[in-house]
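S.K.: What follows is each chain in one-letter form.
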Amino acid sequence: MKPNTEYTRRDWDSHPPYIVPDYKSTLLRGPKKPLIPIPHSLSELTGPVFGHDKVGPLDHDLTKNGVQNGDPLGERIIVTGRVLDEAGRPVPHTLVELWQANAAGRYVHRWDQHNAPLDPNFFGGGRTVTDAEGRYRFITIKPGAYPWGNHHNAWRPNHIHFSLFGPSFVTRLVTQMYFPGDPLLEYDPIYQGIPEVSRSRLISRFSLDVTEPMQALGYEFDIVLRGPRATPVDED
Amino acid sequence: MPKQTPSQTVGPYFAYGLTPQPYGRPGIADGRIVNETVPGERIIVTGRVIDGAGKPVIDSMIEIWQADAQGRYAHPADGREADFHGFGRTGTDETGTFRIETVKPGSVTGSDARPQAPHLNVTVFARGMPNHAYTRIYFSDESAANESDAVLGLVDAGRRGTLIAARQETAGGPVYRFDINLQGDAETVFFDP
Ligand SMILES: [Fe+2]
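The listed protein sequences correspond, in order, to chains A and B. Quick note on my numbering: the first sequence kicks off at 1 and runs consecutively. Quick note on my numbering: the second sequence kicks off at 1001 and runs consecutively.
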């Protein structure tokens, strides 16, 4: 990387604000004082690099990585896409982590008290590293909706949590992928907290090309991280 | 041109995905950034994440990115060989407490080509936070360097203290205390890098 390269800034027209009143737990947890913009030094232009050594052979296949005595229950799906920067360039060899509820809408997490069954053959966590073209691919089970305590009859739409690093500490992103046509999106304050213009970027596309005959439905989900922004070089 | 993918909260159930060691799965990192062989002064950094009502945030996660004791980052943009990977990640416990074992970082050159005061780069994630928050941990025993640090210089003098971890000498070595207040009078300074 050239020394005078900076990254683009967080685009606050794309991201939700820290406080979304309808998403109640943001009220006491979102910072209220203005964020302070800082220039990009090596502290911002660097970030953790993870290699394939952090990824086991079954880590991308959630239909296999939790198996104890059989296949997990639910609808098998393939989730694939590209990690890109804002110039449309692929982000290669970057870690993608993922976690989700099982087909019944229950998480393995020890605090999840939802009255829905755990699946002894489904863990729900996985990770992979993008290839040279920025592509990732997971095999999993379509997650179920689950209730939460935000308001009366609150249900989260089907979603998969994603965590990405990108090339630097400032390209870090944690987000959630949703499914097309989910009627719960309209009522979900976490999804609705995103500016209207950018919300739909979190909805995956059903793809018959990705779908494998007799095997699994396919969904595509591209993820765009902050990109390098070349600043004029001061020659002297 | 494509636009940035919006951020969303980690939610309440990230632990088995991002800090899965208690679930019997290997994680990509934990709160122990160093092993026995890494050179530098061994330090513990610990504190609590606290919400706007003064309550501990028991379902948050912090990540640390730091230079080694010589001020080198393990990254191609730095280009030098660093002593360690320099990344840590840990959840907060039932008292909202996190704990990092590491070495004190060296000084890193700033964007103005002047040395910065030693610091840890921090991200904070939690249920109820639609975006992660960025902050830095500076060290109380570096007052001269802190005084001339360009990033601290962007912060109102009255709020700078929220970025400085207080050093205590203990039988087990130096311990730095750093609470992260998400809101309130003592709200930690958060950056928009
Ligand atoms: Fe979730």
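To be clear, the hints were calculated from the coordinates, so they are not data collected in a lab. Computed from a predicted structure; not experimentally measured. Warning: the hint list may mix true and false statements.
Said to hold, decoys possible - Derived DMTMM-like pairs: lysine to aspartate or glutamate, alpha-carbon spacing no greater than 25 Å straight-line:
#1 B:1055 x A:22
#2 A:33 x B:1101
#3 A:142 x A:86
#4 B:1003 x A:86
#5 A:33 x A:22
#6 A:32 x B:1030
#7 B:1104 x B:1147
#8 B:1003 x A:61
#9 B:1003 x A:182
#10 A:142 x A:61
#11 B:1003 x A:11
#12 A:33 x A:61
#13 A:32 x B:1101
S.K.: Against each hint, give a clear statement of whether it holds in the structure.
M.R.: Right, here's what the structure says about each hint:
no.: 1; hint: B:1055 x A:22; in the structure: holds, 21 Å
no.: 2; hint: A:33 x B:1101; in the structure: violated, 30 Å
no.: 3; hint: A:142 x A:86; in the structure: violated, 29 Å
no.: 4; hint: B:1003 x A:86; in the structure: holds, 6 Å
no.: 5; hint: A:33 x A:22; in the structure: holds, 20 Å
no.: 6; hint: A:32 x B:1030; in the structure: violated, 29 Å
no.: 7; hint: B:1104 x B:1147; in the structure: holds, 18 Å
no.: 8; hint: B:1003 x A:61; in the structure: violated, 29 Å
no.: 9; hint: B:1003 x A:182; in the structure: holds, 23 Å
no.: 10; hint: A:142 x A:61; in the structure: holds, 13 Å
no.: 11; hint: B:1003 x A:11; in the structure: holds, 8 Å
no.: 12; hint: A:33 x A:61; in the structure: violated, 42 Å
no.: 13; hint: A:32 x B:1101; in the structure: violated, 30 Å
Hints 2, 3, 6, 8, 12 and 13 from the list above are not met by this structure, while the remaining hints are.
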